[in-house]
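Student: The chain contents come next:
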Amino acid sequence: MPELIAVLKDVSYKYPRSTDFVLSNVNLEIHKGEFLGLIGPTGAGKSTLCMALNGIVPQFYGGRFFGSVHIGDLDTTEHPISELASLVGQVFEDPEIQLIATSVENEIAFALENLRIPREVISERIPKALSAVRLEGTEQKAPNELSGGQKQRLAIAAAIAVQPDLLIMDEPTSQLDPVGAEEVFATAHELNQELGMTIVMASRAAEEMAEFAHRIVLLSHGEIIALGTPDEIYSQIELLASNNLRPPQVASTFYSIRKTGIAVPKVPVRMKDATPYLGDLANLKPNPSFALPAPPKVTGEPLLSVKDLAHVYPDGTKALYGVSLDIREGEYVLIIGQNGAGKSTLVKHFLNLLQPTEGVVKVGGTDTREMTVSALARRIGYIAQNPDNQIFNDSVRAEIEFALRNLDYSPEVIETRTRESLEAMGLMDVQDRHPLSLPKGDRARVVIGAILAMKPEIIIFDEPTTGQDYLGAQYILNISRDLHKAGKTVIVITHHLYLMPEYADRVIVMGKGTLLLDQDIRSAYHAKDILKSTFLTAPQAVHLSRQMQQLNGNFLPLLTPKEIADYLAPEEGAS
Amino acid sequence: MSEKMPAGEERKVKFLGGAAIDGAPVAYIVVLAAVVVVLAFFPMSVVLASGGSFPMYQGILAIVGWILGPIAGAVSTGIGALIAVFLAPHTAVVPVVSVLGSMVAAFAAGTMVIGDKRKGWWFWVFLYGLVLYLYFIGRALFLNKIGLWTVIAGTFVDWSGILLFALPTRTLFAKWIHGKNWGLVIAGLALGTWSVFGLTHATSAAITYHMFNWPEEVWVMLIPMIPFENLMRVAVGVVIGGGVIAGLRAIGLVRPENSIY
Chain A
1 MPELIAVLKD VSYKYPRSTD FVLSNVNLEI HKGEFLGLIG PTGAGKSTLC
51 MALNGIVPQF YGGRFFGSVH IGDLDTTEHP ISELASLVGQ VFEDPEIQLI
101 ATSVENEIAF ALENLRIPRE VISERIPKAL SAVRLEGTEQ KAPNELSGGQ
151 KQRLAIAAAI AVQPDLLIMD EPTSQLDPVG AEEVFATAHE LNQELGMTIV
201 MASRAAEEMA EFAHRIVLLS HGEIIALGTP DEIYSQIELL ASNNLRPPQV
251 ASTFYSIRKT GIAVPKVPVR MKDATPYLGD LANLKPNPSF ALPAPPKVTG
301 EPLLSVKDLA HVYPDGTKAL YGVSLDIREG EYVLIIGQNG AGKSTLVKHF
351 LNLLQPTEGV VKVGGTDTRE MTVSALARRI GYIAQNPDNQ IFNDSVRAEI
401 EFALRNLDYS PEVIETRTRE SLEAMGLMDV QDRHPLSLPK GDRARVVIGA
451 ILAMKPEIII FDEPTTGQDY LGAQYILNIS RDLHKAGKTV IVITHHLYLM
501 PEYADRVIVM GKGTLLLDQD IRSAYHAKDI LKSTFLTAPQ AVHLSRQMQQ
551 LNGNFLPLLT PKEIADYLAP EEGAS
Chain B
1 MSEKMPAGEE RKVKFLGGAA IDGAPVAYIV VLAAVVVVLA FFPMSVVLAS
51 GGSFPMYQGI LAIVGWILGP IAGAVSTGIG ALIAVFLAPH TAVVPVVSVL
101 GSMVAAFAAG TMVIGDKRKG WWFWVFLYGL VLYLYFIGRA LFLNKIGLWT
151 VIAGTFVDWS GILLFALPTR TLFAKWIHGK NWGLVIAGLA LGTWSVFGLT
201 HATSAAITYH MFNWPEEVWV MLIPMIPFEN LMRVAVGVVI GGGVIAGLRA
251 IGLVRPENSI Y
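Chains A and B supply the protein sequences, listed in that same order. Residues in the first sequence are numbered from 1 upward in steps of one, following the working numbering. Residues in the second sequence are numbered from 1 upward in steps of one, following the working numbering.
Derived by calculation from the structure, the hints in this document are not laboratory data. Please note that the accuracy of each hint is not assured.
Straight-line alpha carbon distances no greater than 30 Å define the calculated DSBU-like cross-link-like pairs of lysine-lysine that follow [to be verified]:
hint	chain 1	residue 1	chain 2	residue 2
1	A	Lys512	A	Lys307
2	A	Lys14	B	Lys175
3	A	Lys440	B	Lys4
4	A	Lys32	B	Lys14
5	A	Lys266	A	Lys528
6	B	Lys12	A	Lys32
7	A	Lys362	A	Lys285
8	A	Lys14	B	Lys117
9	B	Lys12	A	Lys9
10	A	Lys14	B	Lys180
Just the calculated beta-carbon pair ranges, DEER-fashion [claimed, not checked]:
hint	chain 1	residue 1	chain 2	residue 2	range
11	A	Arg481	B	Val31	38 to 48 Å
12	A	Ser324	B	Val31	49 to 59 Å
13	A	Leu4	B	Leu248	29 to 39 Å
14	B	Gly247	A	His214	55 to 65 Å
Glycine included, each C-beta is placed from N, C-alpha and C at the ideal position.
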């Protein structure tokens, strides 16, 4: 029987002034040395459960608490958080809010100093912690100089320097780019495998969780509704779907294939587990009625034109090197690339927020340098990663009217367009409410509504899916699709490649300030080496398709689980 | 969220360990002290008697007492006012009086309790205020021969504050601040701030009058000014206090043991 490190018994919890229980009769044993994954839809209680493991719930928040949580022999309601902190470390979702010191080594030393660890011991632990997260040599650096992934690794280092028995990580990669996320998962895996640290991680990254976790807990409405190995949990596609969770794409691919009637012995949850089945699948007779959709042909003069664009920032950083591209009316374009690739720099030139050092950017045939930002704002709408940063009025209606008033539209036009935007975004009933009192998804609609009121031709979504759960990400992307169908030109910047095949037609791949690839989405996703050069990975369905192509040269380059299933589906009437 | 009955035994929830003063986490004390320091930079009006101006933080001294309790509140405002003396001397006027007055205000506010715990503490604050008020007006009337009605009119803020503090209105304002009716919360903040600062003003004025001994002409000029300045403190208290209380209730942080909000 593995040794237990934490036991939750009949745990129920209600926040102050809340009518509902956030956790309800949770019973869970956490074994020493395991990597326990925690999944569940937004509002399931994952963060609350994480904070219950170190006493923050209920000591810091108050409320009503039932049952018990023991970390070793310590009951978390009878021992101070400061005492529990030496046993349980926690890393939160946003690296920015966790780092408070002026240097990397001070950050790691902070908790140790507060726990009155002797100075010489602190000096020993700092390099060990940095080595564990591969941040050696950064001792004197200021945390704000680190990349997102490095910051999160520093937060992990600060947590493990205390040498806790249990390390809790609550959505540690949701704010990071793929490189940063990979670094964090690799670090967590090493801590677990090589140092034997017990890890509890709440994460939406299904592929990585399937790879690294020993067990998965599925939490919904505050209750544990499933507990098992990744193979047991992530293969239950319908259970996950009913909880708005996304399984690893290899699992959803095999599930989709199975639903067509093809015998699949099991639904694998990792790419390597799918390999034994690919040979048989690759050699199945494809469905004759399946046809690859042709990429849409867009003609006409470019709406956005970039020619030999180079940009050098005032500090000398060269961000763009000779980028040239055209975007025509009605296109849906995806721009991808790792952090620092130049995506945001490129997009800011469209809005004249940055001016070219060399080259030309034109909107509707006019050089952007000859246009004011306000004039461009009438033609190009920009939705930032965090919509809250674009909300500053007291009511939804005022937010939507704001730009129209400032651009001197007549009262009749303001009234008409505001009403149209409110109706289009389903915000009529909440038009008098303060935007920040709305749920997060609705706040994004407020910002989109405000932009739509100006009737721009082009709408840019900058990282709309970062920090969102699967449902939230789909919600925003569905809005982008509706806008595209209504004739708008849509540009989306995102890291989440697996979400985009249903939406984007064309992909622009940026890497180190250069344009690496500009092709239809199918060709781009199958350009493995190009994606790899910019530290991006195509979705698992694309990998499966490629592997099957290697086994059977006639296998088509497919993009999604549904495409693979439809391609392999037996012809109707065939046995 | 689930509506199932909890199977586990309900536990007593309290904030354990950590540094706390009189049940208020040190973090809260420090944050509110920092707020006092920041508001010290904003002069609210010209005070003729001593040639300086009074700082905006005077409007929130009572709120700090209502949030942290009397002892932690006094510590917080005392630290804030002390730092403010050095960082914002233009509003410090008489430094010792600034610091002492800040502590008295927060302490007095913190004694406006609702239940039985510490229900007698208010009396000692009242006595302190009354004694210093009597000294203040005694000096004016008998040493400087200021006219009676001038003194009464000139100390309106002081005697009205002391009266409201001594009467059951003290507990009534506290109940209003504690309640859910926002109209009454605002009324409680307004009248509570008036009352607390009135009492505090009496104690501070006694000291500064002893130091500066202003003539009757200045008394006359101050008759309309002092109530107006106190109204400005009330406005600050209502606006900032209302927002702070709404925010604290919304985020649901554990309340300091002796808070009344």
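Student: Given a hint of 55 to 65 Å, does the C-beta separation of Gly247(B) and His214(A) actually sit inside it?
Tutor: Given a distance of about 41 Å, which is not inside 55 to 65 Å, the answer is violated.
Student: With respect to the beta-carbon atoms only, verify the hint that Leu4(A) and Leu248(B) lie 29 to 39 Å apart.
Tutor: holds (38 Å)
Student: Holds or violated: are the alpha carbons of Lys32(A) and Lys14(B) at most 30 Å from each other?
Tutor: Satisfied, since the Cα-Cα distance of roughly 29 Å is no more than 30 Å.
Student: Measure nothing beyond the straight line between the CA atoms of Lys14(A) and Lys117(B); if it is 30 Å or shorter, mark the hint as holding.
Tutor: Roughly 27 Å between the alpha carbons, so the hint for Lys14(A) and Lys117(B) holds.
Student: Sort out whether Lys528(A) lies within 30 Å of Lys266(A), counting only the CA atoms.
Tutor: Since the Cα atoms of Lys266(A) and Lys528(A) sit roughly 28 Å apart, the hinted pair holds (cutoff 30 Å).
Student: Can the restraint linking Lys14(A) and Lys180(B) be considered satisfied, given a maximum Cα separation of 30 Å?
Tutor: Holds. Lys14(A) to Lys180(B) sits at ~20 Å (cutoff 30 Å).
Student: Tell me if the straight-line CA distance from Lys12(B) to Lys9(A) falls inside 30 Å.
Tutor: Holds: Lys12(B) and Lys9(A) sit about 16 Å apart, inside 30 Å.
Student: If you draw a straight line from the CA of Lys440(A) to the CA of Lys4(B), is it 30 Å or shorter?
Tutor: Given pair Lys440(A), Lys4(B) holds - Cα atoms ~28 Å apart, limit 30 Å.
Student: Run the distance test for Lys14(A) versus Lys175(B): straight-line Cα separation, threshold 30 Å.
Tutor: holds (26 Å)
Student: Keeping to a limit of 30 Å between CA atoms, is the pair of Lys362(A) and Lys285(A) held or broken?
Tutor: violated (49 Å)
Student: Do the alpha carbons of Lys12(B) and Lys32(A) lie within 30 Å of each other, as the hint requires?
Tutor: holds (28 Å)
Student: Falls inside 38 to 48 Å, the C-beta gap from Arg481(A) to Val31(B)?
Tutor: Once the Cβ atoms are compared, 46 Å apart, the range 38 to 48 Å for Val31(B) and Arg481(A) holds.
Consistency with the previously given hints fails for numbers 7, 14, ordered from lowest to highest.
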